[in-house]
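Q: Chains A and B, in that order, are what the protein sequence lines are.
Going left to right, the first sequence walks through residues 1 to 587 as our numbering numbers them.
Going left to right, the second sequence walks through residues 1001 to 1214 as our numbering numbers them.
In case anyone wonders, no lab produced these hints; they're calculated from the structure.
Any given hint could be a false lead.
[As the list claims (entries may be wrong)] Okay, the calculated beta carbon distance ranges per label pair: (1) B:ASP1088 - A:ARG299: 30 to 38 Å; (2) B:GLY1140 - A:LEU367: 48 to 56 Å; (3) A:ARG75 - B:VAL1009: 50 to 58 Å; (4) A:LEU289 - B:TYR1017: 53 to 61 Å; (5) B:THR1063 - A:SER530: 37 to 45 Å; (6) A:MET100 - B:GLY1140: 47 to 55 Å; (7) A:ALA371 - B:TYR1017: 20 to 28 Å; (8) B:GLY1043 - A:ARG75: 29 to 37 Å.
What you are looking at is a predicted structure, and each value in this text was computed from that prediction instead of being measured.
For each residue, glycine too, the CB sits at the ideal point set by N, CA and C.
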Amino acid sequence: MSRGRNRNRKFKNQNRRQNQDGQKGQPGQSQAKAAEPVKVPDPELIIDHEPEEFWAGEVDEKQLLLLMGDWRKGRTTRNIWQALGDAYVMLFSLAVILAMLISLIVQAQGQASTCSATGCRTARELLPWAALAGVLAFAVAAARIFGPVLASAAEGFWLLDSPINRSRVLVKRLWTAVAVAFVGGAAIGALISALTGSGGAAIIAWTLATGLASSGVVAFAAAQQGVERVWTVKLVGGIAGLAGLAALLAVVGSATGWFQLEITTSVAISSAWTVAIAGILLLVISGILARMRLNRIRRARLMSGGSLASGMQGAAFALDFALMRDILQERDAVERGQVRPTRGRGLGLQTLVWRDVQRLLRFPKPLLTLAVTAVVPYAVEALGMGRFSSTISALVLVAALVPFFTTLRVLSRTKGLMRCLPFTTSQVRTAASVVPGVLAGIWAIAVVPAFHGVGSGSHTPWVQAVMLAFVTAAAGYIGAIRWVSAKSADYSAPMVATQMGAMPPGLMFNLVRGLDMVALITIWIVLGLSPWISVVLAVIAFAVLRMGGINQEEMQQMQKDAQAQLKAEREGGARKPAERKVVTRKK
Amino acid sequence: MASRSPVLVVKDLNKSYGDHTVIQSLSFTVHAGEAVALTGRNGAGKSTVLRCVVGADRPTSGTVEVLGKPVSETSAEFRRSVATVIDDMDFFPDLSVVEHLDLLARAHGLTDADALVDEVLEEVQLVPQSGQLPGTLSTGQRRRLGLATAFVRPRKLLVLDEPEARLDVEGIAWLGKRLGEEMTHGLAILMASHEPSLLEALGARTVALGGSRG
């Protein structure tokens, strides 16, 4: 440090000396010359350090990380127990919701386990396979998008650029990603196998199989990240997705009697253990490779995942899942870079609809997802859980329809682009909902046989099946509209005092947006009441959402505008000379 | 000769954020074929006035009338007449530059959308980027795309927030010329600007906001 200070002083002295030299030279010059700008020579930088001094010390990465941890802890104002204590209301609420969820699972499991039809048995054995494939596809996609090994922008700039052994800094990140994949995968494996009415041994086997396979593929993605190979990861994701689709189709085919598929419980359990062992092998081999290659991951690649994660974290704190999707979509668009432009069709509102059709042709992948979700009601019916079919299918449909609402989403999130279009808000919303509405209608037609009870013992009349299918599609469609167009929490409005501190009103509603519409429309079917109630509620919900939802601020504004208009008209009227009407009485 | 009917009338506009008053009793009128520039130091409230004029923000008190009617951002008639390029511009992540312009031109019912879009793309020098998605554009290119959106649609009032930002000297000269031509056809312009050459080119009347710097 003292050496550096000396260096600085020397540099300054050099400058001062040069300036003094320049000033000394001036008196001897003529007045005319003095008027000319004095050319000050560039200061000479004298570097008197040796390059070796930068390599004088060795960094102990572990100590460095501990030091960073100490600094972070030093800035905290509350410990974890105090934070949990403050959030006890939320924790209590979560505990209640969790208890309700478990009760629902137990009930559903009881209902499913009593079903002894071939379809039920096959579905029971096949659905965990579909869940496994789905989890693997998701884990691979998430790992590819985020890294899975990542670093924040600050770490990338300050830490990773310094002469340290990066692998020692990043190793904890690698194992964290693998552990998260294990826990997430295991939880979904357990949930699905429990929901399908499997026994204890099967639940344990599928829990471990899904968790280990999931962590294995994440370790595989990390190993590929070290050699910057993306196609292998994409291939694994694609295979997993296709496997999931095949499993779901097998469920439907078996349930509807297209083909007979008999899988015994013992075969299912042993195959689950096989998957678990394969998962362990993949985890160990890929984990070792990933650990060895950690030092080779480029800084830019690490930081790219980190910046995405921090954006997602910000959106997650605001419980704004739509914003999280926006971030992912934006990133996808940046990766794609450019497209082959296509000219639009139609004029006025039609052009918005045509543009959505052109989007479908350009990005057909969501269509495949939508087609796959048509299998869900068949699978749920095959499990003997027909009562919940509408709700479960509509929830899945919400997720499948969201990608078709890009126009509505962008026009809802900020007013800038909406202001450029010469239509009212409800006109734009209607136009932006046409293509997804048509797709939801086609989906409804495709699932009518499921609601009729094809493949299951009991049959619902066709008319009622058609009604149930369309109510379900409407619930998913309206839920998706609500999900993409609901306003985010308003942080500029007066806050609400809670045990966790000040919170913007409506923040917690973000959690259930979209799902609230599904519940509102389908709860009557679950309760065994007439589907006509659902129809009426769906119509009302759509009408409200078409106008832009119940936005108190906008309604107040509309009221003010109307009052201003009325006042202007009155004033205008007052300025006109009153017309005198003379009524003459007939004599 | 363009008519001199008032397009925008701002009367006794006040805007406060809590106790902090940003705009106090501001009144001005913009006629057809006229450019009015809001000037003032940073934070003087130029953008706030523009946001109130386009309906993005509500004034605390006072009135803003466009073509004789109170501003209503949700009204189709207002959206048809007023083109805005202010800081809340958003783009579709999956539509290219040219597709954005094409969509807007068609939405406004322009039958010769293709030719107009090509011409505007050329003017804002975004032809090489026509197939790019907005996420890949630089800040300057996004700014030019924002300007282009105002030129591919019919308009009676153009509201611009610092249109010279991120434009080079040639770009500013082009903008001055382009806006000047439009003014001769009766376009009214309200803008916030720090660029003397642009104000001079348009012969803009200035409305100074806040105290002078220093």
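Q: Against this structure, judge whether each hint is valid.
A: Hints, verified against the model:
| no. | hint | result |
| --- | --- | --- |
| 1 | B:ASP1088 - A:ARG299: 30 to 38 Å | holds, 34 Å |
| 2 | B:GLY1140 - A:LEU367: 48 to 56 Å | violated, 37 Å |
| 3 | A:ARG75 - B:VAL1009: 50 to 58 Å | holds, 53 Å |
| 4 | A:LEU289 - B:TYR1017: 53 to 61 Å | holds, 56 Å |
| 5 | B:THR1063 - A:SER530: 37 to 45 Å | violated, 52 Å |
| 6 | A:MET100 - B:GLY1140: 47 to 55 Å | holds, 53 Å |
| 7 | A:ALA371 - B:TYR1017: 20 to 28 Å | violated, 50 Å |
| 8 | B:GLY1043 - A:ARG75: 29 to 37 Å | holds, 31 Å |
The structure shown violates the earlier hints numbered 2, 5 and 7.
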